[in-house]
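Peer 1: Chains A and B, in that order, are what the protein sequence lines are.
Residues 1 to 226 in our numbering are what the first sequence lists, from first letter to last.
Residues 1001 to 1267 in our numbering are what the second sequence lists, from first letter to last.
It is possible that part of the hints are untrue.
[What the hints assert, rightly or not] Only pairs whose alpha carbons sit at most 25 Å apart, straight line, appear in this in silico SDA-like list of lysine to any residue:
#: 1; chain 1: B; residue 1: K1210; chain 2: A; residue 2: L73
#: 2; chain 1: A; residue 1: K41; chain 2: A; residue 2: P51
#: 3; chain 1: B; residue 1: K1210; chain 2: A; residue 2: W77
#: 4; chain 1: B; residue 1: K1063; chain 2: B; residue 2: K1210
#: 5; chain 1: B; residue 1: K1210; chain 2: A; residue 2: P69
#: 6; chain 1: B; residue 1: K1162; chain 2: A; residue 2: P51
[As the list claims (entries may be wrong)] Stretches of chain B that chain A covers, calculated by requiring three or more beta carbons in the stretch to come under 8 Å of a beta carbon on chain A:
#: 7; region: 1049–1057
#: 8; region: 1136–1146
#: 9; region: 1161–1171
#: 10; region: 1221–1232
Hint data in this document are derived by calculation from the structure and do not stem from the laboratory.
Note that CB positions come from ideal geometry on N, CA and C, so glycine has one too.
Letter by letter, the chains look like this.
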Amino acid sequence: MSIDWQVFWLTLQLAVVVSAILLVLGLPIAYWIAFSRWRWKFLVEAVVALPIVLPPTVLGFYVLVALGPHSPLGRWWIALTGHTLAFTFGGLVIGSILYSLPFAVQPFAASFAGVEHKLISASATLGASPIRTFWRVIAPLSVPGLITGTVLSFAHTMGEFGVVLMVGGNIPGVTRTVSIDIYDQVQASNYAAANQTALLLLVFCFAVLAAVYGLNRKVWAVGPGK
Amino acid sequence: MIKGMKCSSWLGMVSLFVLTSTFGVAVSKKGAKEINVAAAADLSTAMHEVAQAYEEQTGVKVKLSFGASGSLTQQIENGAPFDVFFSADMDYPRQLISHGDAEAASLYRYAVGRLVLWTPADSALDVEHRGMNILTDPQVTKIALANPQHAPYGRAAVAAMKHVGLYDQVSDRLVLGENVSQAAQFVESGNAQIGFVALAHAVTPAMQGKGKYWQIPAEAYPELDQGVVVLAHSRHKEEAAAFVEYIKTKAATAVLRKYGFALPEQK
């Protein structure tokens, strides 16, 4: 068996960390997108959706430059820690958060917006604060959207390639993810090894997505469904 | 009104596209040809100049694609439509020949590559005087090189570090670029402090004044003999062979020499 488990483990860690951060970060952004009445809201929506259409090379290039010592952000980080964030796990996390942001925020926002307005008004009329209304009414009714967004950002990070190639530096155990490993195997004409790893990733991602879509449709629910 | 305008401009663009593409086919049938050339990343500047001069002289359009030699070899083996392949070593062309993907008779060693250690000009690291010993300097936390799995310059860099007995000491500082150009870019962007790049990158006009370098002694790594082959599945073999002949001319070798390549006869 020529599968490099370290590579899988690392990618799994990256995907878990990124989807967890995006869950926390995505909630307020999605809430704002769903309920704000600001005239220029569409601009923010466009920015959030950018990573879907931008090539990963554009994102990777900007992240690499932003992390380097020629940018204020990079200089600040280097002054703080003594090293650049590029070629580190933390650097990959930052790149992946940007890259997977819309995959979390968009399903979140869609499900928030889909909550019946009467319920939100009723909650407010009964004296609940917006935060209480969010946790007691909006969030519970948006669980399918929250699961979808979290899992999509998780799976999207599992399969990320371009950004990692641009800012990772291919360090075993630190930044060599599954997709990079497969790419290397193919470039080196190790088709058998590439095939094994690719197949494993394919099955894994399929299983994750199938589980989510299945859960959302409640196909295993006992009793009368929808 | 606006919708109508949009529609007609779309139609215009489509018909223009159809016109130009049919026109393009007609021209290529007549004889003014083009060839697709795959070239190792260290040639990325030199080959543009060679190709341009060749186009002006013969009218044959040379389309260039750059990458790590191993990546390009793998693409060729999977049917990439290239006519000529300029590798950064001799092994990949030989591999293509043995698999029946390249013409054995066309193999020619067109240049010898040189490996250098490169830092940005404003770096505190005095690479010009300290050479490879600088790799163990505490300021060096990241050393960029091309991926030795499929890039000849990466293999040369690993060999050089092993030659001076530093490889084990610095192996946890290595960051791998997909090819030697990306390794250079890791250093240019400041994310790695130093890197093993092609001399061709260090002396390219775009890099003038931006860096300092130290040439790795030739005995520290196996010679980077670079070979070119005409590919077996090329549909423009005549034109491909003619371009390989051109690389042997004085005009072409002068360009290669300008970019830091040594030439076979003078190595």
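Peer 1: If a hint holds in the structure, say so; if it doesn't, say that too.
Peer 2: Comparing the hints with the structure gives:
In summary, the hint linking K1210 (chain B) to L73 (chain A) is supported, as the alpha carbons are separated by about 22 Å, within the 25 Å threshold. For the hint pairing K41 (chain A) with P51 (chain A), the CA-to-CA distance comes to about 18 Å; that is within 25 Å, so the pair holds. As the CA atoms of K1210 (chain B) and W77 (chain A) are separated by approximately 24 Å, the hinted pair is consistent with the 25 Å bound. Annotation: proposed proximity of K1063 (chain B) to K1210 (chain B) is violated, straight-line Cα distance about 29 Å (limit 25 Å).
Between the alpha carbons of K1210 (chain B) and P69 (chain A) the distance comes to roughly 15 Å, so the proposed pair stays at or under 25 Å and holds. Pair hint K1162 (chain B) plus P51 (chain A) does not hold up; C-alpha atoms about 42 Å apart against a cutoff of 25 Å. Judged by the Cβ-Cβ criterion of 8 Å, the region 1049–1057 of chain B is not covered by chain A as claimed, because only 0 of its residues qualify and three are needed. Counting residues of the region 1136–1146 of chain B whose C-beta sits closer than 8 Å to any C-beta of chain A gives 3, which meets the bar of three, so the coverage hint holds.
Interface restraint, the region 1161–1171 of chain B with chain A: violated (0 residues with C-beta to C-beta distance below 8 Å; minimum three). Counting residues of the region 1221–1232 of chain B whose CB falls under 8 Å from any CB of chain A gives 0; the rule of at least 3 is not met.
Of the numbered hints listed earlier, those contradicted by the structure are 4, 6, 7, 9, 10.
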